[in-house]
Structures are given as structure tokens and as C-alpha cells.
Amino acid sequence: MTFKEKIESGTFIVCGEIGPPKSCDGDVIREKSKYFKGVVDAVNITDNQTAIVRLSSIASAKILLEVGVEPIMQMTCRDRNRIAIQSDLLGAAALGIHNVLCLTGDYQKFGDQPEAKGVFDLDSVQLIATAAKMNSGLLLSEQEMKKVPDFFIGAAANPFAEPFEMRLIRLHKKVKAGARFIQTQPVFDMDIFTRWMEKVVEMGLHEKCAILAGVMPVKSVKALHHMKKEVPGVKINDEYINRLENASDPKEEGVKIAIEMIQALQKIKGVRGIHIMPVMWESITPVIVKEAGLGAI
Amino acid sequence: MSFEFVTSGKPPISPREKKFSRFLLFFEDVAKVPVFGCQHCGECILSSTAFICSQRCPKRMRNGPCGGTGAGGSCEVYPERKCVWYRIYYRSKMLNRLNLLYKINKIHNWNLEGTSAWLNVFMKRIDAPIWFVRNDKKKVKEMLSDDIQRKN
Ligand code: SF4
Numbered sequence: 001m002t003f004k005e006k007i008e009s010g011t012f013i014v015c016g017e018i019g020p021p022k023s024c025d026g027d028v029i030r031e032k033s034k035y036f037k038g039v040v041d042a043v044n045i046t047d048n049q050t051a052i053v054r055l056s057s058i059a060s061a062k063i064l065l066e067v068g069v070e071p072i073m074q075m076t077c078r079d080r081n082r083i084a085i086q087s088d089l090l091g092a093a094a095l096g097i098h099n100v101l102c103l104t105g106d107y108q109k110f111g112d113q114p115e116a117k118g119v120f121d122l123d124s125v126q127l128i129a130t131a132a133k134m135n136s137g138l139l140l141s142e143q144e145m146k147k148v149p150d151f152f153i154g155a156a157a158n159p160f161a162e163p164f165e166m167r168l169i170r171l172h173k174k175v176k177a178g179a180r181f182i183q184t185q186p187v188f189d190m191d192i193f194t195r196w197m198e199k200v201v202e203m204g205l206h207e208k209c210a211i212l213a214g215v216m217p218v219k220s221v222k223a224l225h226h227m228k229k230e231v232p233g234v235k236i237n238d239e240y241i242n243r244l245e246n247a248s249d250p251k252e253e254g255v256k257i258a259i260e261m262i263q264a265l266q267k268i269k270g271v272r273g274i275h276i277m278p279v280m281w282e283s284i285t286p287v288i289v290k291e292a293g294l295g296a297i
Numbered sequence: 001m002s003f004e005f006v007t008s009g010k011p012p013i014s015p016r017e018k019k020f021s022r023f024l025l026f027f028e029d030v031a032k033v034p035v036f037g038c039q040h041c042g043e044c045i046l047s048s049t050a051f052i053c054s055q056r057c058p059k060r061m062r063n064g065p066c067g068g069t070g071a072g073g074s075c076e077v078y079p080e081r082k083c084v085w086y087r088i089y090y091r092s093k094m095l096n097r098l099n100l101l102y103k104i105n106k107i108h109n110w111n112l113e114g115t116s117a118w119l120n121v122f123m124k125r126i127d128a129p130i131w132f133v134r135n136d137k138k139k140v141k142e143m144l145s146d147d148i149q150r151k152n
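If you're matching them up, the sequences are chains A and B in order.
Residue numbering for the first sequence follows my numbering, beginning at 1 and increasing consecutively.
Residue numbering for the second sequence follows my numbering, beginning at 1 and increasing consecutively.
By construction, these hints were calculated from the structure, which means they are not laboratory data.
Every value quoted in this text rests on a predicted model; they were computed, and no experiment measured them.
Some hints here could point you the wrong way.
Unchecked claim - Here are the computed lysine-lysine pairs in the DSBU-like style, where the Cα-Cα straight-line distance is at most 35 Å:
id, chain 1, residue 1, chain 2, residue 2
1, A, K146, A, K62
2, A, K146, B, K124
3, A, K117, B, K19
4, B, K18, A, K199
5, B, K18, A, K222
6, A, K109, A, K219
7, A, K228, B, K82
8, B, K93, A, K208
9, A, K109, B, K93
10, A, K62, A, K109
11, A, K117, B, K82
12, B, K124, A, K147
13, B, K124, A, K208
14, B, K82, A, K219
15, A, K228, B, K93
16, B, K82, A, K22
17, A, K147, A, K4
18, A, K290, A, K251
19, A, K267, A, K109
20, A, K109, B, K32
21, B, K124, A, K235
22, B, K32, A, K256
23, A, K109, B, K82
24, A, K235, A, K199
25, A, K229, B, K18
26, A, K235, B, K93
27, A, K117, B, K32
28, B, K93, A, K267
29, B, K82, A, K208
30, A, K269, A, K22
31, A, K117, B, K124
32, A, K269, B, K82
33, A, K199, B, K19
34, A, K229, B, K93
35, A, K269, B, K93
Bound conformation, chain B alone (with noise of 0.2 Å):
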């Protein structure tokens, strides 16, 4: 019994892969930068967070706020900024998907920093996004099953 944790690093990306992966990320930072504050972690979580990029933490939080959150939802390091989290909550319970943010977000590979997150999806490296809460009800059962998702 173990843990699925990790996206799986391996297979390492091939060098013919690595300039697909470079194509395509020029269409991919131009849907995603200006709209979501994309950080180019390439391993897209943005459908479980309500479409606000959470890389964009000063500590790079993947499973919700740190306890230093203000009074009115200011970071704790940049109290000028609204906590990225807090922004991701209210926006999740505007759109109706709070059930997504008790999905626990895997360990960030950093081999794919930098890479297609598209590709990466199409490639099984990640799990692909939850784009509709309600049709996709037995996905979004599976990722919120009460034990975490356990390899046999």
C-alpha cells in the first residue's frame, strides 16, 4: 500500500518532446498568463482552483492557505496582495466548486517546470483537469474519495 503522491518524473522528457513542448507552451502562456496568472509550473491545477493560478504564493502553496492569511484576505508576506487562496475560495464558491478544494494536489514535479501543461495531460503525466463538476460526478467522486488515492 502506498501513496500516490509524485507525478511520476519518468519517462524524462525527450529532446523532440522538450521543442513540442516549446511550441506549444507559446499558444499555452497565451491562454493562460494574462487570464489565470499562469506561473508555468507545468503541472496545471487550475480546474481545482477555481481558474486562479495558486503558483502564484509566495510559497507556492498547492493545498490551500497558509495560516497567515489577514484580516480581509491580505498575504501574509505581501500585505498589499490578497492571498491567492483566499481569492481561490470565493471564487470556488461563487462557481459553485468547493468540492474541488478538498482535493489534495500532488507533489510538484520539477521536471516539468516549465513544460506544456497541455502536453503533459495528453501524455498521462498529470491528471487531467475536472472541467465540469456536475458531469463529471464520478471523477470528481474518485478524486475526493475519503482514502487518497492509493496505488493497489
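Chain A with its partners taken away, still in its complex shape (with noise of 0.2 Å):
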């Protein structure tokens, strides 16, 4: 079954992701696939993630299929205008990769080249609306294709970031342009996130798209510090700062703490899966499914 398969049959969906290198090794991707394999639903290959000069996610997403992991292709605006959008749209679904995941993309000056020029000629909610143009047949030129791709789009979704409300109008919108999945960002806080998904059931999105929520296993505390003081719109609730702080073993408590929310995130209404996305530490993700009792495929 493929990954849009298993969203339209409702079972719990478990997705990992990849950071692809920052060299022309493939065979990089090709190990790290070997911990999602038979693991996870599908695999984010995320697309020069904070700036930073990767290898190509569709080149990745391609090594993903040789190797037999269905691959979820992130695509960003920060790097292409209009017309390299569709363009490399149309070079994926040609590659045999239909899931996109359609970002804004982090700003340039975060990245190791902060002095590179900015596209941003799309936003997320029109990148959304050009995919499902798109799989209409059309081109944003109006021009119809001889052969209509067949994209699964999602988007990316932040409830921990102000203000709260317009979060779920910008969710709307995104719905409303196309998407069908959505991937929220790493969950640190429950609070926040139960509101938010009370809000989007109020809403009744979460019918009209499958909400993956994000868990981020994190190996030490000092990853948390870091990422509350210097990532933007990420909330980051003490408990888990302090846990960390007194674990004698910081790995196993960190693991621990993203189970108990993998469980949580479970009972709450409307969450159909979820999207494990450690930094830089693959190898964790089929422990934690496992142990989560998670068994997909």
C-alpha cells in the first residue's frame, strides 16, 4: 500500500525523515534508509534544510524508491521561482515520486551562505495551490500536459507559534488549497497542541486532511536549550527541559519522553499519525516505533 493509500484507509501513520548529505554521497541516504525500512510509513527527504547546501531532495527521494522506501519530497520557495517549482514538480512525478510536501522554506540568513539571494516568488499556500493545479492538468500557464501527474500534497502546519488563531486560519487556507496532509512541527508543549487540534476538530479539518504530529527525540538537554533560544516558533515546556536536566541517562530519557508522547498523541481526536524527525540521529527512530508498539507495514 502506498503512503496515500494508508492515509485514505485511516490506519495510524508513522512517517521518519532524512537530512540528506552535504556531499554528492548517495550511498549516505542509502544506509540511513535501512532504519526505516519495513519501519515507517513514508520518509521526509527535507529540501537544504536550514540553508544549508545539501544534496538534492529529489535525488534523495529517487534513491529512497531504488532502495524500496516510499519517499515524501520536501519542497521549498526559498530556492525556486514559478518556474523551477514546476519544473522540478513535474521532474519528481516523472521520477515516480508523488508525495510532496510543500514548504516556505527557512530564510537564507540562517543557512551557511547567508548572503545568497532569497527567491520566495511562491508562498506555501500557492507552491500547495500550483501542486494541485497541477494534478488538474494544467500548468500556472494554463497550458494543459499530455500527461497529468498525480501529486499527494501536504503542508507544514505550526501551532506553538503566535498568534494562535491565525495558525488555524493559515491551516484553512492550506486545506483549502490542496492539501492533504499536514505535518506539524515537533510537539513539545501538549498543552498548546490539545487546544490547537480541539480548534481544528471544531473546524472540521481534520477530516479534509490527515494531521501527522511532529515528535522530536531529543539526545540531550542542551538541544532543547539551544533550540528554545534560537529556533523561532518553537514552544518548549520546562517539564521536559528538567527531566532531561536530572536523567542520569539523558539518550534513554529522551527516548523515553518522545514514547509517552507518541502515546498521548494517540488518544487525542483527530491525530492520524505521526512524524518522528530527530536531528541528525536516524538510528533512533525504529526504537522508538518499536517500543511505542507501533508496527507499520
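Two chains, two frames, a set of hints: combine them into the complex.
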């Protein structure tokens, strides 16, 4: 079953995430894919995340397809104008990559080449609409395509950034534009997330798209502190910081927190799956999936 | 069935019109730049953004804030600034225009960059502004219709 069919059938979804290497070494992805094969339903391939140059997401997604893992290709608006976006989408479809996650992208200032020019020709809502339009057989120029691509369009949502209600409006826009699944930013504050999900259910959006909650296992308390300070738009409950600080083995505690979180998330109405996104710690995903009792496939 | 998302760039703006556009732009600048922080995108969406120009966002977001708005509404790129969409949200709330934020703004037509938005409205190149939310109920409804505006 493909990722799309699984979402449509309503099973609990588990997604992983791979960050491509900063070189042309495709074997890194083949190596990492071993952690995911037969464990998760699909794997996100980041697109030059935090504006640092990496192996392209299309090529990485193709490598994943070759080894039998279903990719979700991330596509950002930072590096491409509408011509490149459509061309890349067509290229992806030709290679058999159908799941795309449409993002606006991190600003180039945060990357390793802050002097770059950001494009931002479209924003994420418009990117979703573009992919949806292509699904209907037309390019943005209204030209008809001979072969119609079949994208399964996803988007991101950040329930933790302010203002709270604007986040719901934005989710509404994304769903209206054609997003069929939503991956949220990592949950580190259950209260806000629960409140957000309540609103989402109230608006009926959980029926129009599958909400996959982000879970980020962390290795050390340092990582949490760093996120709290440096990464904009995240909220971290002090409870987790305290727990990690007092733990004798922070790695183990991090895994424990992630598993508890998954179990709590499963109980929230409207949550259709999870998206596990450890930073540079892919090997932990199978452990968490197994211990949380989520055998996929 | 298709989604109408790009403001049509055709017909190309004629040289004569360009001149007139530049003339109008002078007055538009006087009105819009100091008050709204207009950036001359030529495709004015001020009426749906509570009269704050969204194009001052470093990412030029036309459809709401990116995921990086920090605590207290600071912009992710320039933390010393307020996120424009944060301000737009609170002013929309104050002015009772929140439902306009649900409107999906079209992909920017760069042909219109630096032209007079007033003229573009007049020439029906871009959507007319929605001034009075309550008086324009039908229009607002159209704009917010659940299905994205579709051509035939
Ligand atoms: S935080 Fe707001 S102003 Fe800053 S880049 Fe994001 S949307 Fe634009």
C-alpha cells in the first residue's frame, strides 16, 4: 500500500525523516534508509534544511525509491521561482515521486551562505495551489499537460507560533488550496497542541486532511536549550527540560519522553499519525517505533 | 476545471498606460507609503490585510505568517522587528475583519511590480478591494467560498 492509500484507509501513520548529506555521496542515504525500511510508512527528505546546501531532495527521494522506501519530497520556495518549481515538480513526478510537502522554507540568513538571494516567488499556500493545479492537468500558464501528474500534497503547520488563531486560519487556507496531509512542528507542549487540535476538530479540518503530529526525540538537554533560544516559533514545556536535566542517561530519557508523547498523541482526537524527526539521529527512529508498539507495514 | 491563481499578466501594459501608471503612482505613493508601508507590488491586497502592507515581510508572504513568528510576535528574520502578519492579525481582529484573512491571495504577478494598483483595479487586472466587510457581504462570501475560485 502506498502512503496515500494508507492515509485514505485511516490507519495510524508513522513518518520518518532523513536529512541528505552535504556531499554527493548517495550511499549515506542508502545507509540511513535501512533504519526506515519496513518500519515507517514514508520518509521525509528535507530540502536544504536551514538553508544549508545539501544533496537535492529530488535525487535523494529517487534513491529512497530505489531501495524500496516511500519518500515524501520536501519542496521549498526559498530557492526556486515558479518556473523552477513547476519543472522540479514535473521532474519528480517523472521519477515516480508523488508525495510532496510544500513549505515556504527557512530564510537564507540562517544557513551557511547568508549572502544568498532568497527567491520566495510563491509562498507555501500558493505552492500547494500550484501542485493542485498541476494535478488537474494544467500548468500555471494554463497550458495543458499531455500526461497529468498525481501529487499527494502535504503541508506543514506550526501550532506553537503566534498568533494562535492565525495558525488555524493558515491551516484552513492550506487545506483549501489542496493539502491532503499536514505535518506539524515537533510537539514539546502538549497543552497548546491539545488546544490546537480541539480547534482543528471544531473547524472540521481533520476530516479534510490527515494531521500528523511531529515528535522530536532529543539526545541532550543542550539541544532543547538551543531550540528554545535559537529556533524561532518553538515552545518547549519546562517539564521536559527538567526531566532531561535530572536524568542520569539523557539519551534514554529522551527516548522515553518521545514514547510517552506518542502514546498521548494517539489519544487526541483528530491526530492521524506521527512524524518522527530526530536531528541527525536517524538510528533512533526504529527503536521508538518498536517501543511505542507501532509496527507499520 | 482550473484554479485561478495568477493575476493575468496579459494584456501587456502598453507604453502609454505605463506613463499614466507612473503618473498615478505618484499620488498612490503619497497616500500609501507613509500610512501603510506600501512596497509597490502593484497588486494591492491591503484591504484584506487590515491595511498593513504584507510585502514588508522579508519572505514576502501573501497568505499569512511563516512558521517562525517568535514569542511576542517577533519576526524570525529580524527579531527586532514585529512580524507583519502578527500585526495584521491583531489589527484585523480590532477592525472586525478577521474573516478576510481566509481569502487566498493570488500568486504575485511580477509584471505589475511598480505599477499603479489603482489603475490595475480599474483595468480589472486585479481583484477590487473589499472595503466594507458588512456592506459587501455577497462579495466577501464569494471571496471566501469554500471552493477556491474556479474558472468554469
Ligand atoms: S516571521 Fe512574519 S514577517 Fe518574519 S518572515 Fe515570517 S511571516 Fe515574514
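Checked hints:
| no. | hint | verdict |
| --- | --- | --- |
| 1 | K146/A <-> K62/A | 23 Å, holds |
| 2 | K146/A <-> K124/B | 32 Å, holds |
| 3 | K117/A <-> K19/B | 31 Å, holds |
| 4 | K18/B <-> K199/A | 48 Å, violated |
| 5 | K18/B <-> K222/A | 57 Å, violated |
| 6 | K109/A <-> K219/A | 26 Å, holds |
| 7 | K228/A <-> K82/B | 19 Å, holds |
| 8 | K93/B <-> K208/A | 26 Å, holds |
| 9 | K109/A <-> K93/B | 31 Å, holds |
| 10 | K62/A <-> K109/A | 29 Å, holds |
| 11 | K117/A <-> K82/B | 22 Å, holds |
| 12 | K124/B <-> K147/A | 33 Å, holds |
| 13 | K124/B <-> K208/A | 34 Å, holds |
| 14 | K82/B <-> K219/A | 33 Å, holds |
| 15 | K228/A <-> K93/B | 29 Å, holds |
| 16 | K82/B <-> K22/A | 34 Å, holds |
| 17 | K147/A <-> K4/A | 20 Å, holds |
| 18 | K290/A <-> K251/A | 16 Å, holds |
| 19 | K267/A <-> K109/A | 39 Å, violated |
| 20 | K109/A <-> K32/B | 29 Å, holds |
| 21 | K124/B <-> K235/A | 44 Å, violated |
| 22 | K32/B <-> K256/A | 55 Å, violated |
| 23 | K109/A <-> K82/B | 17 Å, holds |
| 24 | K235/A <-> K199/A | 19 Å, holds |
| 25 | K229/A <-> K18/B | 49 Å, violated |
| 26 | K235/A <-> K93/B | 24 Å, holds |
| 27 | K117/A <-> K32/B | 27 Å, holds |
| 28 | K93/B <-> K267/A | 33 Å, holds |
| 29 | K82/B <-> K208/A | 33 Å, holds |
| 30 | K269/A <-> K22/A | 39 Å, violated |
| 31 | K117/A <-> K124/B | 32 Å, holds |
| 32 | K269/A <-> K82/B | 34 Å, holds |
| 33 | K199/A <-> K19/B | 50 Å, violated |
| 34 | K229/A <-> K93/B | 29 Å, holds |
| 35 | K269/A <-> K93/B | 28 Å, holds |
Violated hints, in rising order: 4, 5, 19, 21, 22, 25, 30, 33; the structure is consistent with all others.
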